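J.: The primary structure of each chain is shown beneath.
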Amino acid sequence: MKLCEFIRPESLAQARAVLRKLGPKGLPLAGGTALHFMPGKVPVTAVDLTGLGLSYIRHKGAFFEIGAATPLSDIQRHRGPRWAMHEICRRISTHQIRNVSTIGGNICRVFPWADLPVVLLAMNARLVIYSGKLKEMGADEYFSSQPARLFRGGDLLAAVKIPVLKAHHGFGSVKAARNAAAFSMVTIAALLELKDGRIAAARVAAGSAIPFPKRLPSVEAALMGKEPSAEVFRAAASLAGNDAKWCKQEGMSAEYVANLAEVSIVDALERAAEFARGRTE
Amino acid sequence: MKTAVNTVSFTLNGEKKTFSTRPDEKLLDLLRREGYKGTKYGCGQGTCGACTVIMDGRAVYACLLYAMQAEGRKVRTIESMGTHDKPAPIQQELVAAGAVQCGYCIPGIIMSATALMEAEKDITDEVAREYMDGNLCRCTGYEKIWVALRKTIDRAAAEPAKKAPKGGKK
Chain A
3 MKLCEFIRPE SLAQARAVLR KLGPKGLPLA GGTALHFMPG KVPVTAVDLT
53 GLGLSYIRHK GAFFEIGAAT PLSDIQRHRG PRWAMHEICR RISTHQIRNV
103 STIGGNICRV FPWADLPVVL LAMNARLVIY SGKLKEMGAD EYFSSQPARL
153 FRGGDLLAAV KIPVLKAHHG FGSVKAARNA AAFSMVTIAA LLELKDGRIA
203 AARVAAGSAI PFPKRLPSVE AALMGKEPSA EVFRAAASLA GNDAKWCKQE
253 GMSAEYVANL AEVSIVDALE RAAEFARGRT E
Chain B
255 MKTAVNTVSF TLNGEKKTFS TRPDEKLLDL LRREGYKGTK YGCGQGTCGA
305 CTVIMDGRAV YACLLYAMQA EGRKVRTIES MGTHDKPAPI QQELVAAGAV
355 QCGYCIPGII MSATALMEAE KDITDEVARE YMDGNLCRCT GYEKIWVALR
405 KTIDRAAAEP AKKAPKGGKK
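Residue numbers (my numbering), protein chains in the order written: chain A, 3 to 283; chain B, 255 to 424.
Here chain A stands alone, though its shape is the one from the complex (with noise of 0.2 Å):
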């Protein structure tokens, strides 16, 4: 993309109203590094937020609270009790890019490939945007279109905030892919909770072998009350078609990402499982 100006607000609200003021002319930047890739023959001005102090992680009651410019590499090297963000950041592209690439930059405009939405999905992840003050949205209403659509207006991504696991929470996060750098071929997260050795709550979600993240509630469901084992996994695992059309790769036919998706699937499950039973407060 070209670049014909650069500009550096001084606050969210400065950078709201320019980029109000410039529409379709104006393009945020915060790692920018997707920008380059992106086609346009018309000169457009980067409005800079990484001077806004958008760069921060902090735990704030029930929930970890990631600023919008903060890198990948951050999140990756972020430790906590009840923190598991950061196993898919480190599995995102190479060390350089994630010390510039943003979490913000990763979910406003979402890629098939991207491996945040699936996360924030399975997580229940909450967005705060700014339009002149700040509000939240749930990650399904935030995923359940091109994001890019809520900030057309001027409107910046400030915050995403992951929740706190509680006791009995668990997490698991797979993504496949050819090498270490290559884009994912699938993402699965799993969010589960465990009451009295059952699955008392489950959020399943996919990514990069379909057109765009979304949660797989076919899955969700047969997973409901019952005991978390590689059975019941590879049961709820076999009805992700219901949910998701499985895409042919490069080199991969449709029935082979089916198949990937699938033991995908039950490595996430087993995963959370296996981090939530460990978790007893």
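Worth flagging that the hints you see were computed from the coordinates, not collected in a lab. Nothing here was measured: the structure is a model prediction, and the numbers come from that model. Glycine residues also receive a C-beta, built at the ideal position from the N, C-alpha and C atoms.
Pairwise CB distance ranges, derived in the manner of DEER restraints: (1) 55(A) to 404(B): 36 to 44 Å; (2) 270(B) to 44(A): 31 to 39 Å; (3) 350(B) to 213(A): 45 to 53 Å.
Partial pick of chain A residues on the chain B-facing surface, computed with a CB cut under 10 Å: (4) 6; (5) 7; (6) 8; (7) 10; (8) 34; (9) 100.
Go by the hints and put chain B onto chain A.
T.: For chain B alone, kept in the frame of chain A given last:
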């Protein structure tokens, strides 16, 4: 609010500098235009790592950054590392291991390794691989680079009082 600037100022290899630029000029192009040609153009799309520099202590691809994004930052290029006469430990070990063949990837490898060694303590193989996963080499098959990196890390761990030389300025 700062707008429509056509210059960028940042600390380059320890010296404060101001450069004329354009909003869409990449940091890699600026560096090479200004004579810092140790930073290589490889793929130009954030895959190979030949253009790796260190910005505020973190390894980044100079080909995926607009020069304007370096405003106020501290940027280090391969020119900040050891010299021919006084190579840095990682440079010594790469040569000793026979890890420098065509050599095109080496500036990027050295900058990623430097970022790793300056940022991390008690470096495990897993962490080292994470830091090096964005640098490709098509000559060595990585084994010799890995041997050199591990030796440099172990050498630094054995001599904690001695720091790697920051090297001369360009």
